[in-house]
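Here is how the chains run, residue by residue.
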Amino acid sequence: MSVRTLPLLFLNLGGEMLYILDQRLRAQNIPGDKARKDEWTEVDRKRVLNDIISTMFNRKFMEELFKPQELYSKKALRTVYNRLAHASIMRLNQASMDKLYDLMTMAFKYQVLLCPRPKDVLLVTFNHLDAIKGFIQDSPTILNQVDETFRQLTDAYGSLSAGEFQLIRQTLLIFFQDLHIRVSIFLKDRVQNSNGRFVLPVSGPVPWGTEVPGLIRMFNNKGEEVKKTEFKHGGNYVSAPKEGSFELYGDRVLKLGTNMYSVNRTVETHMSAASKNLTSQTQENITPNPLAKEELNFLARLMGGMEIKKPSGPEPGFRLNLFTTDEEEEHAAQSRPEELTYDIINIQAIQDQQQKEELARIMGEFEIKEQPRQSSSKGDDLLAMMDEL
Amino acid sequence: MVAADSERPKDPAVRMFRRERSVPLRGSAAALCNNLSVLQLPARNLMHFAVVHGPSAQLLSAAPEGVPLAQRQLHAKEGAGVSPPLITQVHWCVLPFRVLLVLTSHRGIQMYESDGSIMVYWHALDSGDTSSVFLFHTQYRLCLLEELLPVATSSVWEGQEVIQGVLVLAAGTWTGRVLVFDIPAKGPNIVLSEELAGHQTAVTDIATEPAQGQDSVADMVTADDSGLLCVWRSGSEFTLLTRIPGFGIPCPSVQLWQGIIAAGYGNGQIRLYEATTGTLHVQINAHARAICALDLAPEMGKLLSASEDTFVHIWKLRRSPESGYIEVEHCHGECVSDIQVCGARFCDPSGSSFAVTGYDLAEILRYSSV
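Respectively, the protein sequence lines represent chains A and B.
Each residue of the first sequence is one higher than the one before, starting from 2 at the first, in our numbering.
Each residue of the second sequence is one higher than the one before, starting from 665 at the first, in our numbering.
This is chain A alone, in the form it adopts within the complex (with noise of 0.2 Å):
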């Protein structure tokens, strides 16, 4: 499989989670002036967003993910994620955690098995440049990070061939396999059906450097052409318009990758019924705790290039819920499928003592307190805090 699919996962993935942070920080936002010390502003959703968008974008941690490796597991790359989603004030819990990565994957699932043509995923990637590059605008620092970014992508990916591009798909697919959330906003956009599965339209622009399908050329040993036939196909295409732009800005055309949650979208994911075909990651998850030496130098590796600000002072961390309500959060906690759960790494099973002290100094930081009080608001939390001073 490719060694190149890495990058991608990650900044799309990544992506994903910014637009979903984004819309659900904003569906709780108060303007500044009418808020309570309690409630999130939109100072404070811009804070967020900075904190984990230049952490994601940090040139080390950049560094160590363009570097020619396999994939890992998904378990692996939920670690880092978790990590990421931690890099400021903000704080989610395991439910909202795993509702957020549910979401996420089943997003660019999804982008991946729509694009038209393999190498159309570096135009998906390039969408979700240009909406973060949107979020940051305001701070120079880590536009330019992004553009940095932005290039080592082009450097990367720019002259592959087009049977690279599709094996770097087939591997994405391979990560994918098997997944098959049901997310309410597809259902109800009517791309994804009722058992899980994406709608595959027959119909619209065929992808850039493919004819319309119909037509039958018949050819003399000169190259002449001697006949034509037509037969019918079954589908209902039309010709591609024009191909996206791979420059730094740019109309990319492709519309999969850009932000389809908007504020009054309340997103949720149902946990489809167990099906059958979960032999794959019902092996993942029963394999044992400790991770592949490999994994854990690689997670060693990306993490300790993540500089994570520290919220500075006696500044708490604010929970954020992915669910509408504290029940709903709970509920979804204890009513998530067994073979769905995605375990968290347990550093205590790590045999290597040096790895084990490295990781669990760099993950440690992040560990959620289990708070003893039921509320959603920033102000109780605060008070939970200052009780237990």
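It is possible that part of the hints are untrue.
[What the hints assert, rightly or not] Computed, partial: chain A to chain B, Cβ under 10 Å:
{"id": "1", "residue": "GLU165"}
{"id": "2", "residue": "ARG198"}
{"id": "3", "residue": "PHE199"}
{"id": "4", "residue": "GLY205"}
{"id": "5", "residue": "LYS223"}
{"id": "6", "residue": "VAL227"}
By construction, these hints were calculated from the structure, which means they are not laboratory data.
Note that the coordinates shown come from a computational prediction; the quantities given were computed from them, not determined experimentally.
All residues carry an ideal CB built from backbone N, CA and C; glycine is no exception.
Fit chain B to the known structure of chain A by using the hints.
Okay, now just chain B, sitting in the frame of chain A:
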């Protein structure tokens, strides 16, 4: 407006094929090309199917009505690495005296007796010709294998004529090596006998046809990621007859029938070439996405094409009696709704039934003509 497919008007209400009972799989099919192999055993009233799931491949046998009878899972040989190796292809190679099941992964080639019960041979792909770890991990995209009906070898041992099969496998390295193995009638004495050079990128598929006896008739076609096709003639060694250049699009699937090469490309096109000269004779805008599989029913010259656009099409190949030029006619199209097809095979030599696998789909879909 769409012209009629053939001289006689076709009644659109008459469906030529109907869905039969599906065969359930233990694991879904992986998004690989040519991801279905079928072994027809009409004498035993059985059909064998093989599908790659990911780190495992599933073999199963079914009765003609699709009732599953037995199944087995095979894995690629383990080795160093982060995760278990992924299987890139599983395929039955039918030699007249023997059937071998071949399984390929990035680590190498594993050959089994036809029911997958005993491994008879293991060929490790070495990293000898690579200069960095990067290459070792990446482009051993080990693909395709095909069978060659026996070449009665003239290299005799102790005065006896030895009938051997020759099995040709493609190792998809950066150098696009094509490996040729000699297969004895029985036992594990399989020997790598030749390495053919002709491709610069990963080889994707091989097609073969029994030698017709004339000097200039092609026996084998190999295809690669750049769309290049190499046409070979067998003999005591393989010789390169001609090369058909690509146009920047991968050719994941190729078939050979009576001197006609049928090649399916990543832009949805099927092209038919005269094998001996490499001349392009037919170009079909067949699909709206990459073609993932082609199969041939040799008795009737039927060609099956399947694509990620969810369609499967059946074509009839023939030569014009007057000019001898290759002609093609569309017979049937089937839409497999919302399934990204990744494998398709005829289930009988006349092309009256076929089977289809799809990405994320945990069953084999079957169709037969009414």
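Against the structure, the hints:
For GLU165/A, the interface hint holds, the least distance from its beta-carbon to any beta-carbon of chain B being 7 Å, beneath 10 Å. Satisfaction of the interface hint for ARG198/A is found here, the shortest Cβ-Cβ separation to chain B being roughly 5 Å, below the 10 Å cut-off. At a threshold of 10 Å, the smallest CB-CB gap from PHE199/A to chain B is about 7 Å, leaving the interface hint in force. Taken as an interface hint, GLY205/A checks out: its beta carbon lies about 9 Å from the nearest beta carbon of chain B, inside 10 Å.
About 9 Å separates the beta-carbon of LYS223/A from the nearest beta-carbon of chain B, less than 10 Å, and the hint is met. For VAL227/A, the interface hint holds, since its Cβ comes within 10 Å of a Cβ in chain B; the closest pair sits about 8 Å apart.
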